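Peer 1: Chain order of the listed sequences is U and R. The numbers in the working numbering rise by one with no breaks, and the one at position 48 of the first sequence is 48. When you read off a place in the second sequence, starting at 1, and then add 1000, the result is the number in the working numbering.
Don't read these hints as lab results, they were simulated from the structure. A few of these clues could be false.
What the hints assert, rightly or not - With a straight-line Cα cutoff of 25 Å, these simulated SDA-like cross-link-like pairs (lysine to any residue) come out: (1) R:Lys1172 to U:Gln63; (2) R:Lys1172 to U:Ala87; (3) R:Lys1172 to U:Asp77; (4) R:Lys1172 to U:Ala95; (5) R:Lys1172 to U:Glu62; (6) R:Lys1138 to R:Glu1244; (7) R:Lys1172 to U:Asp40; (8) R:Lys1172 to U:Ile52; (9) R:Lys1138 to R:Ala1053; (10) R:Lys1172 to U:Asp14; (11) R:Lys1172 to U:Ile75; (12) R:Lys1115 to R:Leu1198; (13) R:Lys1172 to U:Asp8; (14) R:Lys1115 to R:Glu1244; (15) R:Lys1138 to R:Arg1119; (16) R:Lys1172 to U:Arg59; (17) R:Lys1172 to U:Ile79; (18) R:Lys1172 to U:Glu58; (19) R:Lys1138 to R:Pro1247; (20) R:Lys1138 to R:Ser1224; (21) R:Lys1172 to U:Asp24; (22) R:Lys1172 to U:Val78; (23) R:Lys1172 to U:Glu45; (24) R:Lys1172 to U:Val25; (25) R:Lys1172 to U:Ile57; (26) R:Lys1172 to U:Leu99; (27) R:Lys1172 to U:Gln98; (28) R:Lys1172 to U:Asp48.
Given the structure is predicted, the values throughout are model-derived calculations rather than measurements.
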Amino acid sequence: MIPPKASDTAVFDDICTIVWRVLDVEPGDIEITPDDSLTDDLGLESIDLVTIGAMLIERYGEQVNLAAHLAEMDIDDVIALRIGELADFVTARLADEQLAER
Amino acid sequence: MGMATVNGLETHYQWMQARDRSRPVPTVVCVHGLGYDSLASFYLTLASPVSSAGIDVLTYDLRGHGRSVRPPTGYRLADFVDDLEALLDELGVHHPVHLVGNSFGGTIAFSFAAKYPDRVASIVSIEAEPATEPWSDKMGRTFRNTIEAMGDDRYLGWVGETFGSHYVRLTKAAATVIRSTTLVEEVALGPLLDADGLAAISCPVLSILGSDGFQSDDLHAVQSSLPDCRTEVIDGQNHSVLVERHPTVRTMLLSWIAEHETARFAFAEDGAA
């Protein structure tokens, strides 16, 4: 596992890389912004969220548990999830971990 | 992400295993429904919180669905039952498991329990019923209506306006499965369960239904057809019980597992098992 980078921008970049891999396109082929919704704008399906969850754990470790996060949300909110919200979730979990380590 | 070869087909599964291994760990196996369904319905709702409660949770994509291989033929109910048995064997799961089946996944669970009663500790069926003649008729009608609707662009327009573009994509995905396989022709062939088959489902069953779901015509038909079944009805809910009411389903499931695991291990500790 690669140690997580510190900045929010780095997390956003990581998520873009993961989404491009899931979409099976070259990095940058599809422009991704924090406002993009994973389903409506990027065309991802619910099974893709499973893959993204696994890739986030691979990247950051078990503390970034997307499945646990989404299980606390309504289905409409899951469908409407935006890239920026996903980045905020990852950043918050990493911050939680850093606090726990102190 | 795990891939296992099941009856010659690459099958996608996800294990969420309980961290605490100091006491007996029950196993829940989640079986999703047909069409646009996949293991995601369970993975994104129940799997993580149930695993956190100290339970191993196995979810998998049925043949032709999600990330599993989509063969052109081989979609009888019996094929799905055989796949479940082969997957459990492949993963070394030989103890009785709690099957949680959503819609057609529940139908698979019932037929699996009738065929392999020693491998099932209990069933939690969500908007599901066993594969009987009435079920086969209902499936046939549903498939015919779905295929007819999918051929009409106005239907997709209505889906988009009513439920949003996400559901349009799901509907198109279901259409792809239906058009590229013999699923529609084969699923309802069963084999169906007769009275002896239903009696063979000897494990305890929790049937969770929406009051406005697919069994709204008789909410206790499943219970009255099985030896040991309890029914919970969620008022004002349609067929989408799992995704729309997953916190309620989670509470019911955890309570059900606790009740039946206590009984199971107390039984074993008495030396009677």
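Peer 1: Does each hint hold? Answer for all of them.
Peer 2: Okay, the hints, checked on the actual structure:
no. : hint                   : result
1   : R:Lys1172 to U:Gln63   : violated, 35 Å
2   : R:Lys1172 to U:Ala87   : violated, 29 Å
3   : R:Lys1172 to U:Asp77   : holds, 22 Å
4   : R:Lys1172 to U:Ala95   : violated, 40 Å
5   : R:Lys1172 to U:Glu62   : violated, 34 Å
6   : R:Lys1138 to R:Glu1244 : holds, 23 Å
7   : R:Lys1172 to U:Asp40   : holds, 14 Å
8   : R:Lys1172 to U:Ile52   : holds, 22 Å
9   : R:Lys1138 to R:Ala1053 : violated, 37 Å
10  : R:Lys1172 to U:Asp14   : violated, 30 Å
11  : R:Lys1172 to U:Ile75   : holds, 19 Å
12  : R:Lys1115 to R:Leu1198 : holds, 10 Å
13  : R:Lys1172 to U:Asp8    : violated, 36 Å
14  : R:Lys1115 to R:Glu1244 : violated, 31 Å
15  : R:Lys1138 to R:Arg1119 : violated, 29 Å
16  : R:Lys1172 to U:Arg59   : violated, 32 Å
17  : R:Lys1172 to U:Ile79   : holds, 17 Å
18  : R:Lys1172 to U:Glu58   : violated, 31 Å
19  : R:Lys1138 to R:Pro1247 : violated, 29 Å
20  : R:Lys1138 to R:Ser1224 : holds, 18 Å
21  : R:Lys1172 to U:Asp24   : holds, 20 Å
22  : R:Lys1172 to U:Val78   : holds, 20 Å
23  : R:Lys1172 to U:Glu45   : holds, 12 Å
24  : R:Lys1172 to U:Val25   : holds, 22 Å
25  : R:Lys1172 to U:Ile57   : violated, 30 Å
26  : R:Lys1172 to U:Leu99   : violated, 45 Å
27  : R:Lys1172 to U:Gln98   : violated, 44 Å
28  : R:Lys1172 to U:Asp48   : holds, 16 Å
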